[in-house]
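J.: Next come the chains, spelled out residue by residue.
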Amino acid sequence: RKEVEQDPGPFNVPEGATVAFNCTYSNSASQSFFWYRQDCRKEPKLLMSVYSSGNEDGRFTAQLNRASQYISLLIRDSKLSDSATYLCVVNGYGNKLVFGAGTILRVKS
Amino acid sequence: GAVVSQHPSRVICKSGTSVKIECRSLDFQATTMFWYRQFPKQSLMLMATSNEGSKATYEQGVEKDKFLINHASLTLSTLTVTSAHPEDSSFYICSARDRGASLEQYFGPGTRLTVT
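Protein chains in written order, with our numbering: chain A, 2 to 110; chain B, 2 to 117.
The following block holds chain A by itself, in its conformation from the complex (with noise of 0.2 angstroms):
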């Protein structure tokens, strides 16, 4: 089993519409949780920590699900520029980050 595992995708969406990504992570002592949003062929660019208690900014919501281990983000009024492939992180053995495959969302107009 993957340490971090998600949807690849794509999920095809139109502009305005609301997405969801889920992410289920295996190491149950990791504590720091992570989406990066990565455009093609550039690196991953830190979207936003997850916090226990579920954190927000603008569109993007972010939850944290200990119990069973699961991750979400939530997208509101999609837009164009949010077109990218999505990365849930991890802290890992070592307090190394776990890169997830990502998840592919492509918003069309």
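To be clear, the hints were calculated from the coordinates, so they are not data collected in a lab.
Bear in mind that the values here come from a model prediction, so they are computed numbers and not experimental data.
Watch out, some of these pointers could steer you wrong.
To be verified - Here are the simulated lysine-lysine pairs, DSS-like style, with alpha carbons at most 27 angstroms apart:
hint: 1; chain 1: B; residue 1: LYS67; chain 2: B; residue 2: LYS56
hint: 2; chain 1: B; residue 1: LYS21; chain 2: B; residue 2: LYS67
hint: 3; chain 1: A; residue 1: LYS3; chain 2: B; residue 2: LYS42
hint: 4; chain 1: A; residue 1: LYS97; chain 2: B; residue 2: LYS21
hint: 5; chain 1: A; residue 1: LYS97; chain 2: B; residue 2: LYS65
Take the given structure of chain A and dock chain B to it, following the hints.
T.: Same frame as chain A, but now just chain B:
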């Protein structure tokens, strides 16, 4: 803030040659830098963790004699791919963790290596 640069952004080399990639934290000190490799449509795979002033820690399956890492200062780490082969062609990305900060890592723009 938290800018990481990487050079070169793209390199093409012949089999058997060596290639050096530089990673710099421009506006912060990074005691720890990380080197990742990403093949098309796959996730980032950690190759090694580089600590300033000490030997790098390599992940299982990564040959330390082939991928030489030097972290000579708090703002610079280098990765040298020695005796490159076509299967080493990949996207190499470094990241840096701010000294004393959380686990967040800031990524360089990556180096696309093509070995012919």
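J.: Any hints this thing doesn't respect? Which numbers, in order?
T.: Nothing - there is no hint that the structure violates, so all of them hold.
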